[in-house]
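Each chain is listed here by its residues.
2 protein chains.
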Amino acid sequence: MEIKLTAIGIIHTDHKTKEEAPIQGAFNPDTVGTVEIFSEFAEGLKDVELFSHIYLFYHFDRAEPGELVRHPFLDDTPHGIFATRHPCRPNGIGITVVRLTERSGNRLTVQGIDVLDGTPLLDIKPYVPRFDCHPEASDGWFAGKANRKKPSGRE
Amino acid sequence: MEIKLTAIGIIHTDHKTKEEAPIQGAFNPDTVGTVEIFSEFAEGLKDVELFSHIYLFYHFDRAEPGELVRHPFLDDTPHGIFATRHPCRPNGIGITVVRLTERSGNRLTVQGIDVLDGTPLLDIKPYVPRFDCHPEASDGWFAGKANRKKPSGRE
Chain A
6 MEIKLTAIGI IHTDHKTKEE APIQGAFNPD TVGTVEIFSE FAEGLKDVEL FSHIYLFYHF
66 DRAEPGELVR HPFLDDTPHG IFATRHPCRP NGIGITVVRL TERSGNRLTV QGIDVLDGTP
126 LLDIKPYVPR FDCHPEASDG WFAGKANRKK PSGRE
Chain B
6 MEIKLTAIGI IHTDHKTKEE APIQGAFNPD TVGTVEIFSE FAEGLKDVEL FSHIYLFYHF
66 DRAEPGELVR HPFLDDTPHG IFATRHPCRP NGIGITVVRL TERSGNRLTV QGIDVLDGTP
126 LLDIKPYVPR FDCHPEASDG WFAGKANRKK PSGRE
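Protein sequence lines, in the order shown, are assigned to chains A and B. First residue of the first sequence: 6, per the working numbering; consecutive thereafter. First residue of the second sequence: 6, per the working numbering; consecutive thereafter.
Each hint can be trusted.
Note: identical chains are not told apart, hence a pair may lie in one copy or across any two.
Listed below are the simulated DSBU-like cross-link pairs for lysine-lysine, each with C-alpha atoms no more than 30 Å apart in a straight line:
#	residue 1	residue 2
1	K23	K150
2	K150	K21
3	K51	K9
4	K9	K21
5	K51	K150
6	K9	K23
7	K51	K23
The set of hints was computed from the structure by calculation and includes no laboratory data.
Just chain A, same shape as in the assembly (with noise of 0.2 Å):
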C-alpha cells in the first residue's frame, strides 16, 4: 500500500542548515517563522487564528530513513528509531507544537520552530490542549537530557 501526500505550504525560518537548526523549538521558544499555505488551500484556514498553539505536520524532505536503531541528538545512547524524534524516519513526516501569533491572509507568523527553511508543510492541525497535553506523561530516556548542540558528525 502507498500513500501519496503533496505539499499544501512552505515553512519559512532563519535555519538554513541542519547544524544551525535547532533540536527542539521548545528549547528555542521566541524563534520566529512564517507558514505560507498555497493560494489553493488558503480558505481552509479559516479561524486557525481562534487557537494560541497548532500543530505543524511536515516533510523532513533532507533526511532519508536510516538505521532502525540509532544515537538520537540528545543522548549518547543508542534507541529504536520509533522511541526517537531523529528526523531519518521510515516515513520522513515531522511535527513541532508552534505558537501561533498572527495571521495575515495566507501567512501566519508562528514562534518556537525547529524546522529547516523551506519545508515541504503537509498539514496543520488545531493543538487542542484537552486532547494534547498530558503531564502526567513520563520522559522516558528524555529525563533529565538538557539542551546541547547537535554532536558533530551526527546525522
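Fit chain B to the supplied structure of chain A, relying on the hints for placement.
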C-alpha cells in the same frame, strides 16, 4: 512535489465503523487497542516501552479530502479544515496521543485510542511533555464543547 509513504503496521481496535469510533481518544481514555508493527520495522521499537505516552501517526484510509470549510463533529458552525481535526483533509494524516500500557515484541497495547480498526500505521513518536504539553494553549472554538455522538448524516 509528491511524497510517498508506506504503512509500517496496522492498528487494531474495536471501532469497526466510522459511526461507532469515538471523536477523540481523550474522551474515552479506557478504550484499548493493539498496535502491530510489521516485522521489518520491529527493531525500531527498542526502548519505546520507556515512554508512558506515544503519538500514533496513521492514514485516514476511509476518508477522502473534502471541502476546505466544513462542520466538525463537535460544533454546528463550519470551520476551516486546518482549524479542525476532521479526517477529510488535503493530506489524510491523523495523530492521536495514547497511553502505552504494554509491549510484547512487535505488538503494543495502548489506551485512549479513537481510530478505526485496520487503520494503517505510519509512524510512532515518543510523547515528551517538555516538547508536547502546553497547558497554556487556548481551546479555540473547542472551548465549552462537550463530547457528543457524531451528528447523524455528517461525514
